[in-house]
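Order-wise, the sequence lines are chains A and B.
Its first residue numbered 1, the first sequence is counted upward by one per residue in my numbering.
Its first residue numbered 1, the second sequence is counted upward by one per residue in my numbering.
The set of hints was computed from the structure by calculation and includes no laboratory data.
Be aware that a few hints might be false.
The following label-pair restraints were derived from C-beta to C-beta distances [stated by the list, open to error]:
1. Pro-190/A x Leu-111/B: 31 to 39 Å
2. Pro-261/A x Leu-106/B: 53 to 61 Å
3. Gly-110/B x Leu-301/A: 34 to 42 Å
4. Arg-346/A x Arg-44/B: 19 to 27 Å
5. Lys-133/B x Pro-261/A: 50 to 58 Å
6. Pro-343/A x Leu-106/B: 18 to 26 Å
7. Pro-343/A x Gly-110/B: 13 to 21 Å
8. Thr-234/A x Gly-164/B: 33 to 41 Å
Beyond 12 Å from chain A on every Cβ pair, some chain B residues (computed) [stated by the list, open to error]:
9. Gln-58
10. Gly-82
11. Ser-102
12. Tyr-135
13. Ala-143
14. Arg-174
15. Glu-184
16. Asp-208
17. Val-219
18. Gly-227
19. Ala-254
20. Arg-258
21. Tyr-278
Even for Gly, the Cβ is constructed at its ideal location relative to N, Cα and C.
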Amino acid sequence: MEAGTQSGAGPSLQASVPSPPQPQPGVPPGAPPRRETAETSLLPRMIALVALGAAANLWSEQHLGLGIHDPKLLGAAGAALAAGTGLLDKVAGKAERESFGAALQRLVRPLLATPVLAILYLSLAIVAASYSSLSILPESGGRGSLDVRVVASEDPSYERRASGQGPLRIPLRVTSFGRAFRVECEGYLPRVVEVGPLWGARLVAGVDLKAPPSVLLRPSLEALRSLDSGGTLTLWKRDGDERVPLGAPVSQRSSFLVGPPRPIPAEASTRWQLELTAARLEPAEAARVLLEWGNPARVELDEPLLPGMWIEAEVRTRSPANRLKARAEFEVGEQPLTEIALPDVRSPDA
Amino acid sequence: MRSGAWSRRRAPVLVAVAGALAAVLAGPLIGVGASALAAAVRPRVGVAFELAETSYRQEFSDAQIAEIEARGTEIVASRLGGRVGFVDYVVNDEAPYALEVSLDALDPTGLGIAREVGFHFALRGAAVSTGAKTYWTFRPREAWGEPIPEVEPLLEEIDRAFTGERADYAALVRSVLSQVRLSEACDLHPSLPSGWILPFTPEDICLDRGSILQIRHEVLSGGISAGVVLQARYSGETVDPDPSRRRLFCVPAAEEDRQLAAPLWTTPVEAVTATEVYLVEYEPLDAGCAQATELPTDVSFGGSP
């Protein structure tokens with residue numbers, strides 16, 4: 001009430017005797033008035049702060065998967081703010097509103113200080129330039145969980161692993177100009193990808209990550225019989241002049257599929273039929289061989305076939321003879337399925 | 001006239017009937033006296049088995065191939081000895097004849113991969129023609145894709161092949177073993193019943209009736225030597241109290257041979273010489289005389305010979 005009295009007397013006094021303006025605290029006498037300066041400078045800072053928050057939210061959402069990105073959530077937050085403000089207007093008196101405003105001002109104002117804003121921006125810029133992420137999305141139609149290993153190309157000791165059913169997000173330390181990583185995802189060919197700051201990188205399994213090629217090994221008729229008699233198929237990888245076995249020998253009368261399962265083109269059967277006709281096989285035997293060639297046995301190797309690999313496939317007769325029966329040498333291509341015939345080898349010792 | 005023509009037409013028939021009657025009446029011991037012809041020994045034929053089919057050989061090591069060929073030779077010699085007993089089959093020994101038995105494709109150079117595999121028999125030796133060959137099926141073409149067994153099962157399969165229905169011993173004798181000279185000499189018996197006396201007892205060469213022999217002669221006439229080849233059929237034995245001294249007696253096999261042989265019986269003995277005797281159709285004597293060679297103890301399989 002006292003204040004009301006004073007304020008009630010004030011205007012009449014000011015109206016009757018205009019008093020010279022009183023210098024504000026901290027403002028030297030004679031300086032131009034700073035009225036409205038604080039309000040006019042707060043708005044752009046507020047905008048800058050909100051923009052910083054939005055940028056931080058976007059970065060966090062992109063690289064960490066954390067942030068407010070749901071429009072409903074944002075709408076609800078806005079509605080709650082508006083409702084709270086309206087409620088404050090209705091319920092609280094002027095003094096309470098001014099008190100609340102002052103408290104809010106005390107809380108936000110430090111953040112709006114230029115050095116603070118500058119530091120916040122700088123910090124976000126440093127983080128955004130130093131950390132990024134690699135996102136890997138599963139193949140449409142899904143083939144189970146992804147198991148990924150990411151290794152920095154220039155520093156193999158920097159390695160990150162992730163596995164799971166859904167999209168995988170792997171935070172990575174990068175440089176301002178990006179960093180190359182080798183991505184090894186189980187069931188797909190390894191790939192080197194450049195992960196840049198800000199945006200990171202995104203790979204889609206089956207699209208950006210290719211499944212390894214498959215090879216259908218089709219033994220000759222005599223090789224099939226050798227396999228039926230106890231012979232074995234062995235695959236070797238050519239490494240310079242050396243041969244490295246790619247797995248244990250397989251003993252089974254069959255054709256063989258190396259790599260992920262693939263449908264065999266229908267035209268292959270027609271071609272095989274011609275081959276069997278030329279071999280003058282009895283119809284029953286020819287039908288049996290056609291079925292065996294068309295239903296290959298899966299061969300698990302110690303390492304997947306990669307395009308560019310040189311492979312030797314050998315069928316040898318059973319032990320102790322162990323004679324070379326059929327053989328093929330080929331370079332793994334990028335086609336999804338390659339058919340390799342294993343022709344007979346006429347060894348001079350037999 | 002009609003009676004004369006009838007007689008001329010029927011004369012050969014009557015001769016044949018008479019000959020056949022004489023042969024039937026002859027029996028095991030015919031009315032041919034004891035012969036002084038010394039007993040001869042059965043001809044020796046060396047047997048060698050070879051695993052020749054390339055795809056079969058590839059399934060075995062060199063040592064296994066050697067074992068299959070060695071034991072296969074013994075199996076072949078044993079089975080032949082049990083079924084074709086007019087020669088002695090020897091293994092790893094010197095013999096005037098060599099019977100090579102190779103397991104190979106029916107047509108090794110033929111087109112197509114699926115080929116029938118069988119036994120190729122070939123005889124080598126002096127005066128043996130290059131055509132002395134025959135073939136038995138081991139695995140028909142439709143069985144080409146079957147797996148190739150290990151050593152023991154393969155030897156069992158070979159053994160079964162020599163006792164199975166595909167084993168055509170008649171063809172083997174007719175095409176191959178008929179070129180093995182049974183004897184270099186035999187006596188002519190011009191008087192009735194006319195025929196030949198061979199230097200064997202039936203047990204010596206395990207011969208039964210129905211067997212047909214080929215006898216080659218050299219006939220000197222007017223200073224010219226001519227060869228006469230006749231076929232004779234085992235008819236019986238000479239009469240001798242000592243069974244070991246009885247000899248095989250043969251008569252002309254057919255009417256044609258009888259007619260061709262007729263001049264021989266009237267030719268002076270010194271002008272006719274039987275030089276070579278061969279067996280062209282063989283009926284084994286069911287008297288246990290054909291003895292299968294005893295297989296080594298490590299051959300644990302096999303049927304009856």
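For each hint, the structure was consulted:
1. Take Pro-190/A and Leu-111/B: their Cβ atoms lie about 48 Å apart, and the range 31 to 39 Å is violated.
2. Take Pro-261/A and Leu-106/B: their Cβ atoms lie about 42 Å apart, and the range 53 to 61 Å is violated.
3. A hinted range of 34 to 42 Å for the beta carbons of Gly-110/B and Leu-301/A is consistent with their spacing of about 39 Å.
4. The hinted window of 19 to 27 Å between Arg-346/A and Arg-44/B is violated, with their beta carbons roughly 38 Å apart.
5. Range check, Lys-133/B to Pro-261/A: about 53 Å between beta-carbon atoms, so the 50 to 58 Å window is met.
6. The given range of 18 to 26 Å is respected by Pro-343/A and Leu-106/B, whose C-beta atoms sit roughly 24 Å from each other.
7. With their beta carbons about 19 Å apart, Pro-343/A and Gly-110/B fall inside the hinted range of 13 to 21 Å.
8. Distance hint for Thr-234/A and Gly-164/B: a CB-CB separation of about 38 Å, consistent with the stated range 33 to 41 Å.
9. The beta carbon of Gln-58/B sits about 4 Å from the closest Cβ of chain A, which is not more than 12 Å, so the claim that it is off the interface is violated.
10. Even its closest Cβ contact with chain A, about 31 Å, leaves Gly-82/B beyond 12 Å, as expected for a residue assigned away from the interface.
11. A cut-off of 12 Å between C-beta atoms confirms that Ser-102/B is not in contact with chain A; the least separation is 15 Å.
12. In this structure Tyr-135/B is separated from chain A by more than 12 Å, as the shortest Cβ-Cβ distance comes to about 19 Å.
13. With a least beta-carbon separation of about 9 Å from chain A, Ala-143/B fails to lie farther than 12 Å from that chain, contradicting its non-interface assignment.
14. Every CB of chain A lies more than 12 Å from the CB of Arg-174/B, the least distance being 31 Å, so the non-interface label holds.
15. Non-interface call for Glu-184/B relative to chain A: holds, since the shortest CB-CB distance, roughly 44 Å, exceeds 12 Å.
16. Taking the minimum C-beta to C-beta distance to chain A, about 41 Å, the non-interface status of Asp-208/B holds against the 12 Å cut.
17. Against the 12 Å criterion, Val-219/B stays outside the reach of chain A, whose nearest CB is about 54 Å from its own CB.
18. Taking the minimum C-beta to C-beta distance to chain A, about 47 Å, the non-interface status of Gly-227/B holds against the 12 Å cut.
19. A cut-off of 12 Å between C-beta atoms confirms that Ala-254/B is not in contact with chain A; the least separation is 44 Å.
20. Every C-beta of chain A lies more than 12 Å from that of Arg-258/B, the closest at about 51 Å, which supports listing it as non-interface.
21. Chain A leaves Tyr-278/B outside its interface by the beta-carbon criterion, the shortest separation being 39 Å against a cut-off of 12 Å.
Hints 1, 2, 4, 9, 13 from the list above are not met by this structure, while the remaining hints are.
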